[in-house]
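K.L.:
Each chain is listed here by its residues.
2 protein chains.
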Amino acid sequence: VRDIVQKNFAGVLEAAKTKKHKRICVAAAHDEDTLRVVIEAKRLGLASSTLIGDKEKMWQVARKLNTDISDFEIIKEPDIIKSARLAVDMVSSGHADILMKGIMQTADIMRVVLNKETGLRGSGLLSHVGIMEVQSYDRLIFMSDAGLNIAPDLQKKAAILQNAVDASIALGNEKPNVAILSALELVNPDIPSTLDAAALCKMADRGQIKNCVVDGPLALDNAISLIAARHKGINSPVAGQTDVFIVPNMEAGNILYKSLVFFSGAKSCGIIMGARVPMVVTSRADSFESKLNSIAVAMLVSK
Amino acid sequence: VRDIVQKNFAGVLEAAKTKKHKRICVAAAHDEDTLRVVIEAKRLGLASSTLIGDKEKMWQVARKLNTDISDFEIIKEPDIIKSARLAVDMVSSGHADILMKGIMQTADIMRVVLNKETGLRGSGLLSHVGIMEVQSYDRLIFMSDAGLNIAPDLQKKAAILQNAVDASIALGNEKPNVAILSALELVNPDIPSTLDAAALCKMADRGQIKNCVVDGPLALDNAISLIAARHKGINSPVAGQTDVFIVPNMEAGNILYKSLVFFSGAKSCGIIMGARVPMVVTSRADSFESKLNSIAVAMLVSK
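So the sequence lines, in the order shown, correspond to chains Y and U.
Count the first sequence with our numbering and you get residues 1 to 303, in order.
Count the second sequence with our numbering and you get residues 1 to 303, in order.
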């Protein structure tokens, strides 16, 4: 049975519920926001969690939340870096399907994940994929890389693109449309992101990038509006129906992500792709709903 | 009498109406979209226009619009580059207060404007200032540079900042709040825009940038939301009340501008600051309303 294309997070959550039960391994789980969301994920029948961290604090939080966490697998390791190492080891050994960051710095868990001998590197690059639902657009937006790779070169952009495409495919989109964003639609030697865009298109032509339709450079309006593209005389197979947006640099991505959330009221979540398992690395500022959506997306991405 | 701070374009238009009548000089004015907006500007009592270009085509358009343009000063010069030169000469000699581009490439008129001997350069850098009105924010957004300077260095960013601040002041804001946007709020040597941000703040401390309150680096959410800033533990004088947004590069600016217009339904307009007169350089994709707003802003900026 072919998966249906998920157009919003309600659909993503429902789709995740139909999947095989998964196990999350949480590093530094002794945090109210983190525990609330993994408790909810368990209640909804999505995933069980192994909680690693300061066991006493976990129980303090559970009592505060009037919740019993005795049916969670809990591993006592108050040292944050050690808890990250333990979590990565457990995922490595196949004990869990998804790695999740609790109350620790992203940079700290990334260092453990990226360790060449004991980490979770796969064959590719790790990259952040933001997923947004905004009222004024008819499909989910996959955006990358707005969180991890600062100024990726062409090779890294190709990997970033493929990771984002893989996430979109995991959410039911058989052949995602990809727009390589820049400030304009013309190739301009003074604007390196337009050269990268042209090269990425040719890489897709040659099969170096797979399972998607790629076009760029495109300004954002041409990617999301067929009328805007036609107005500019742009004939693009992705115009008005772009699923995946590759941003020229992390700053542009971060600003677009925040603009959608704060100016357009978008719902959002994010995961890190490219490691041997999907990673949920939410930040304190993310809402409960956003964190739960990240888990649901990670479940669909998880093999 | 101190000007009131304009919080939306309706106010900007009303304020422009109270100003002394201005004269616009239009290069390559033989274009329906251009003529419609200068006719409306005249009808509203904002500004008269000198129309330079293909006179026959102008009259063709006028007939199509059922309008009489015999009360406009019209100069016949069908050659587009020559019409731009003529327009710049007329502005130079004090015949007009505002330069406007009709149906010609921005690059072509910019070349004429930037000519060191015969152009309109002032002491500073030319930069684009986008002005946006979005329902979810309590004030006008001044954004720069999303259109002209591709990857400005620190010195150029300082000039871009000052130009945008000057535009905000012209719209009644005595001491604008300026956020230097990046992907995060911390100074990070791997992200040059965060270093520029720190340097710009110090330049403001030392009086190298004037008449504004500057803070950065800031992520967009921290600039527009006091709650988001507090959540991150950021204590910033501009958080939640930023007027002027300096983007890290043109791509980020263009993407933010388009995001506001297409995802958030923002009203927008733009002018070019830094020449001896304000310039209205709208694009074909801009709405009638947007072009009229650009004229109104240029009038308020015009000395």
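Among the hints, a few may not be true.
Treat identical chains as interchangeable: a pair holds within one or across any two.
What the hints assert, rightly or not - Using 27 Å as the maximum straight-line C-alpha spacing, the simulated DSS-like pairs for lysine-lysine come out as follows: (1) Lys82 to Lys232; (2) Lys202 to Lys156; (3) Lys210 to Lys64; (4) Lys42 to Lys303; (5) Lys267 to Lys232; (6) Lys57 to Lys232; (7) Lys64 to Lys76; (8) Lys55 to Lys76; (9) Lys303 to Lys57; (10) Lys20 to Lys57; (11) Lys64 to Lys232; (12) Lys55 to Lys7; (13) Lys202 to Lys19; (14) Lys202 to Lys17.
Quick caveat, the hints were computed from the structure, so don't treat them as lab data.
K.L.:
When no copy is specified for Lys64 and Lys76, does a C-alpha distance of 27 Å or less occur within a copy, between copies, both, or neither?
P.N.:
within (19 Å within a copy, 80 Å between copies)
K.L.:
At 27 Å max between alpha carbons, let me know whether Lys42 reaches Lys303 within a copy, between copies, both or neither.
P.N.:
within (19 Å within a copy, 65 Å between copies)
K.L.:
One pair to classify: Lys64 and Lys232, alpha carbons no more than 27 Å apart. Within, between, both, or neither?
P.N.:
Close across copies (24 Å), not inside one copy (57 Å); limit 27 Å.
K.L.:
At 27 Å max between alpha carbons, let me know whether Lys82 reaches Lys232 within a copy, between copies, both or neither.
P.N.:
between (55 Å within a copy, 25 Å between copies)
K.L.:
When no copy is specified for Lys55 and Lys7, does a C-alpha distance of 27 Å or less occur within a copy, between copies, both, or neither?
P.N.:
neither (39 Å within a copy, 52 Å between copies)
K.L.:
My question is about Lys202 and Lys19: at a cut-off of 27 Å on alpha-carbon distance, are they close within one copy, between copies, both, or neither?
P.N.:
neither (36 Å within a copy, 54 Å between copies)
K.L.:
Evaluate Lys267 and Lys232 at a C-alpha cut-off of 27 Å and name the case that applies: within, between, both or neither.
P.N.:
between (30 Å within a copy, 20 Å between copies)
K.L.:
Within a copy, between copies, both or neither: where do Lys57 and Lys232 come within 27 Å Cα-Cα?
P.N.:
Between copies only: 23 Å across, 58 Å inside.
K.L.:
Given identical chains, is Lys202 near Lys156, meaning Cα to Cα at most 27 Å, within a copy, between copies, both, or neither?
P.N.:
Within. Shortest intra-copy distance 15 Å satisfies the 27 Å Cα cut-off; inter-copy 35 Å does not.
K.L.:
Is the C-alpha distance from Lys303 to Lys57 at most 27 Å within one copy, between copies, in both cases, or in neither?
P.N.:
Classified as neither: same-chain Cα gap 33 Å, cross-chain 64 Å, threshold 27 Å.
K.L.:
With 27 Å as the alpha-carbon cut-off, assign the pair Lys210 and Lys64 to within, between, both or neither.
P.N.:
Classified as neither; 49 Å inside a copy, 51 Å across copies.
K.L.:
Could you figure out if Lys202 and Lys17 sit no more than 27 Å apart (CA to CA) within one copy, between two copies, both or neither?
P.N.:
neither (38 Å within a copy, 53 Å between copies)
Checked against the numbered hints above, the structure breaks hints 3, 9, 10, 12, 13, 14 and satisfies the rest.
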